[in-house]
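Quick note, the sequences are listed as chains S and R, same order.
Numbering of the first sequence is given in my numbering, commencing with residue 1 and proceeding in unit increments.
Numbering of the second sequence is given in my numbering, commencing with residue 1001 and proceeding in unit increments.
One or more of the hints may lead you astray.
Stated by the list, open to error - Computed, partial: chain S to chain R, Cβ under 10 Å: (1) G102; (2) G105; (3) A130; (4) D323.
Said to hold, decoys possible - Here are a few chain S residues that sit away from chain R, every Cβ distance over 10 Å (derived from the structure): (5) N156; (6) R188; (7) T193; (8) T196; (9) E225; (10) G233; (11) A267.
Stated by the list, open to error - Pairwise CB distance ranges, derived in the manner of DEER restraints: (12) S:G141 with R:Y1086: 30 to 40 Å; (13) R:V1035 with S:R63: 36 to 46 Å; (14) S:D312 with R:D1163: 19 to 29 Å; (15) S:W252 with R:G1325: 53 to 63 Å; (16) S:R63 with R:P1292: 49 to 59 Å; (17) R:T1323 with S:E96: 53 to 63 Å; (18) S:D143 with R:P1292: 49 to 59 Å; (19) R:R1121 with S:A256: 49 to 59 Å.
Please keep in mind that the hints were generated in silico from the structure rather than gathered at the bench.
Yeah, the Cβ is synthetic: ideal placement off N, Cα and C, and Gly gets one too.
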Amino acid sequence: MTAPQRLHDAPLADAAGLYRTVRLIRRFEQRAIEMVRGGLIPGGIHPYIGQEAVAAGVCAALRPDDLITSTHRGHGHVLAKGADPVRMLAELAGRETGLNAGRGGSMHAADVGVGIYGANAIVGAAAAIATGAAWSHRRAGHDLVAVTFFGDGAVNQGVLLEALNLAALWRVPVVFVCENNGFAATMRVEAATAGTITGRAGAFGIPAVTVDGMDPQAVLTAAAEAVARARAGDGPVFLECLTYRFDAHHTWEHVARPRYRTAEEIAEGAARDPVQIQAARVPEPVRVRIDAEIEELLDQAQRFAAASPEPDPSGALDYLYADGLRGRAGTA
Amino acid sequence: MPILSYLRALNRALGAEMERDPAVCVLGEDIGVAVSNVTTGLLKRFGPERVLDMPISEQAFTSFATGAAMSGSRPVVEFQIPALLYLVFEQIANQAHKLSLMTGGQVKVPVTYVLPRSGSRVGWAGQHSDHPYSLFAHVGVKTAVPATPTDAYGLMISAIRDDDPVILFAPAGAAERRENVDYAALAPVPLGAGRVHRPGTDVTVVAVGHLVYDALEVADELAASSGISAEVFDPRTLYPFDWAGLAASLRRTGRLVVVDDSNRTCGIGGEIIATAAEQMRLIAPPKRVTRPDGAVLPFSRGLDLAVQPSASQLRAAIEAVVTAG
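Chain R on its own, in the form it takes in the complex (with noise of 0.2 Å):
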C-alpha cells in the first residue's frame, strides 16, 4: 500500500477539492512556492487566480476570503504561524463566524482556515508555538485537529464541502506522521465525530491531536507493565464534539483523563472534563494533562519541551486515576 504523509495529505484533499469544484480557491503567504507543504503543485495545475499568494496582510486577507465566501467562492486561507490567529481573531470570530446570524441566514461564509505545524516545533519561541484551538472552540467555529494523515485528509474535504468556517489545526507534532493507505479508500470524515484508536476497559484517555501518538505509546507500556487497559479516544473534531462519542467511551471505562496542548485555564480539556462530569458515569475523579496555566514558551529546549504536555505526566496522571475511587 502508498504512503501517506500527514502534510501530503493536507496537499491531495486540497487538490481533489478544487479539481471538482471551481469555486474553491486557496490563498496565503509563500503558497506559490508551498513553503508549508500544503499547497505544493497547484499553483501550476490550477494557476494564479486560484492559488493567490498574499501580501503580508493577515487581516485583509482573512476578511477577503470573507467577502468571496459571501459572493460564490469558497476559499481555503493558509497561515504559516498559529500566532496570526490573535491577528485575525476579529475577522474570524467577530466577522466570519457571525455574519450567517447577524444577517439572519441572509449569507454563508465558507471559508477553511488551515494551520500547518501549528503547536510547539521546539526551538520556534513564544510567538511561534502557541496552540489556540480552544479560543476558536470557545466561540464556536468549527474546529478540526486531525491527528493522522486518513483524518487529515478526511476533514480537510468536509472542512472546504462546509457552508460556515472551519478552521483546521495541523499539529507540528503530527506532520511528520505517515500512514499506509489505500488512496481509493479515503473518504471525507464528518465534523463532530471522534475515533477510537486503541479499545479498553479501564480509562479512556481523551487526547487531542498529536498527543493521541503519546496516548497510544503510554496506553501499550501500561498494558505490559501494569496489564492497565487503556481507551485512547480521538475527538478529531473540537467543535462540534463527539459527546455521545465520548459518553460511550466513558460507558466502558468509568474513568477519565485528558490529554491537551492547551494551556491549563479555560483549555478544551477543562471543557471534557466538566461535561463528564455533569452529564456522564464517572467513578474516580478524573484529570487532565495540559500546558501550565498561562503559558508563554520559552525558547532553550528543555524549556519548551518542560511547557508541553508529556508522556510522564500522562502515565502519572492515568495510574493515578486507575487506583483512585
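The following block holds chain S by itself, in its conformation from the complex (with noise of 0.2 Å):
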C-alpha cells in the first residue's frame, strides 16, 4: 500500500495535488453511488460529482489546522480537507471503523483532528457554526481560518445571512464558500433567489468574488487570496464558485427520476468537467500513475469498510453526552 492515506501527505496545491484530489472526488463519489444501488450504504447520497474544483481548490489554500463546515453534499470537502477516505467510505457503510464510528453518515462526516467540524444536513446552518469557531480561536490567539462550504440555496436562510453580519461586524476570519451549482435541490436559482449572491456579502461590506467553480486552479487561486485576507485579520471573503452537479440531488432521483432538467442541459453542463480540465495540467504518466493509486486507495477502502463490523446496537446512543449520561431505555 503505497497510496498515501491522508491527502495531506501529499503537496496539494500543485497541479498533480489538485488532479489527485479531484480524480480521488470522483472516483469515490462514483463507487458509492454503486454501493448505494447494492445496498451497502443506508439511506443515499447527495453526490458531489461535477463540483470537484470547489473543494479541491479551496482545501489547498488551507492549513491542516484550519477549520472547515460542510454541507449535506459533504464528501468532496472531507476528502480534500484530508480526512482519511478508508474511514469515510466506512462511515457511509455505517460501519463502527469510519470516522463518526458510523454514528454520523453522508450527512455528518466530520474529522476534528484535521479541522473538518463537520458536515451539516440543514442548509446553510453551519456558517454561524463557524464563525463562532474561528472567532473563539483567534481569542486563544490563534490565527487559523473557517471556511464554511454552503450552496446556492442558504443564500435565502436567514441564519446564514445573520452570520455574514456577525462575521463582518466582528472581522472574524471565515471565508464563506457558496457552491452556485444552479440548482436548490430541483428548484433553480433564479426562481429561488432575489438580487444576486455576491450582493448579500456587498450588504454587510463583505469583499465577495465569483470564480469559475470548474476550474481547480482558477479556485485555489482566488481562495488563496481569501485566505490570506481573512488571516491577516481584514475580516470574512465571500466566494461564488460557479459549478454544475453532474448526478442526482441525492441518490433517490435515480429511483424516482423527478424532471427538472433536460438530458441536453446535463451534457452542457458537464462539457467542462473538472477532473478533465485539471487531468489535461498534469503529464499523462504522473496522471496514469494517480490514477492507479486512487483506484487501489478505494479497493482497499471497500473492502475496509466490507471486512469492519457494524456497530453493537446496545451502544445505539453512545456519545450522546461528554459525561457518558445514560438515559432511560425504551422500555421500562
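Combine both chains into one complex, guided by the hints.
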C-alpha cells in the first residue's frame, strides 16, 4: 500500500495535487453510488460529482489546522480537507471503524483532527458554527481560518445572513464559500433568489468574488487570496463558485426520476469537467500513476468497509453526552 | 448572614466561573448594561471580549456559541424571553445537542443557556410568558429549573462546568426570592439531584421551579387545617431527573401530586406520573396540576392567572389524592 492515506501527505496545491484531489473525489463518489445501489450504504448520498474543483481548490489553500464546515453534499470537502478516504467510506457504510464510528453517515461526516467540523444536514446552518469557531480560536491567539461551504439554496436562509453580519461586524476570519450549482435541490436559483448572491455579501460590506468553479486552479487562486485576507485579520471574504452538479441532488432521484432539467442541459453543463480540466495540466505518466494509486486506495477502502463490523446496537446512544450520561431505555 | 437574591446568585455564579476559567464567556442581547440583572458588572470586570453584546440575531448567536464551544470556549448564552427558544430550537435541539453523538464523540459542546424570568411575568401576554422546559427535557438537553437562590447558584456553576449543552430556566416566580446564605457554603449542585424541601408522610408533592413556594405554602396550610403531612420534592433538574429520589419519597408516602407550569399534554408532569405508575409504589391514583392543554397565556391579569397552576388547584389535588384509594 503505497498511496497516501491522507491527501495532506502529498502536496495539494500543485497541478498534480489538485488533480489527485478531484480525481479521488470523482472516483469515490462513483463507487459510493454503486454501493448505494448495492445496498451497502444506507439512506443514499448527495453526490458531489461535477463540483470537485470547489472542494479541491479551496482546501488546497488551507493549512491542516484551518477549519471547515460542510454540507449535506459534503464528501468532496471532507476528502479534500484531508480525512482518510478509507475511514470516510466506512462511515458511509455505517461501520464502527468509520470517521464518526458509524453515528453520522454521509450528511454528518467529521474529522476534527484535520479541522473538519462536520457536514451539516440543515442548509446554511453551519455558517454560524464556523463563525463562532473562528472567533474562539482568534480569541485564543490562534491564526487559523474557518471556511464554511454552502450551496446557492442557503443564501435565502436567515441564519446564514445573520452569520454574515456577525462575521463582518467582528472581522472574524471566515471564508464563506457558496457553491452555486444552479439548483437548490430541484429549484432553479433564479426562481429562488431575488437580487444576486454576491450582493448579499456586499450588503454586509464583505468583499465578494465570483470564480469559475469548474477550474480547480482558478478556485485555488481565488481561495488563497481570500484565506490570506481573512488570516491577516481583515475580516471575512465571500467566494461564489459557479459550478454544476452532474448527478442527482440525492441518489433517491435515480429511483424517483423527478424532471427538472433535460438531458441536453446536463450534457451541456458536464461539457466542462473539472477532472478533465485538471488532467490536461498533468503529464500523462503522472496521471496514470495517480489514477492507479486512487483505484488501489478505493479498493482497499471498499474491502475495509465491507470487512468492518457494524456498531453493536447496545451502543446506539454512545457519545450522546460527553460525560457518558445514560438516559432510560425505551422500555421500562 | 447576608441575603442573596435569586438573580444575584446567578450573577455571582457567572462571575465566579469567569474568574476561575478564562474560557467562560457570556453573550446575549443587552447584557452589557445587564437588562436582566444576570450580567451586572461583568462587562467592566471582564471586558467586551468575554461579555459580548449581541445584535438581535438569536439563531446566529446561538450557533456561534456552539462553534465557539467546539473550539475551546465555554459560552453562556442569555435569552431575555423564553419564547425565543422556539426561534433557536433548531440551533439547540438539532445542532448543539446532536453534535457529540453525530460525530462519534469527536466534539463536546459546553454551552449554557440561561432564561432569566421564564414563565409568566403577568401582563407580558402570549409571546413572552411560556415556560418551555418540558421541550428540552423531551429532546434530552440537560435541563435545570432551580427554585431557590442557593440552587440557582449551584446549578449555574454545574451547568457552566458541564461538557454538554445545559439549559437553565430561572422562573419569574422565583426571580425575586431572597435567602439568607453563608457565602462560603455556596457550592455546586449536581445535575440530576432532587431536594426534599419539606418532609412528610402522607403525600409527595413534586413541584417544579417557582411552584415549590406554592407547594410549601399549601403543605403548611393543610398540615394546620387537616393534619395532612405533605412532602415537597423539588427535582431541580428535569433532565436528567432524580428518579431514585422520587422513588425514595414515594416509598415513604405512596401518594403523588405533581405541580408543573407546562401545558398539560406532554408536559414533564405527565412523564413524572407515568414513571411513578410504571415503576414506583402508589397506593392511590396520582394527580397533576398544570397549565391547560395548548394554553396560550392571555394578556389580561385575571386571564393570565387563570391559566397558571394555582395554589387552590394544588390544595384540591392533594386533598383528593390523600383521601382516595
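If any of the earlier hints don't hold here, list their numbers in rising order. none
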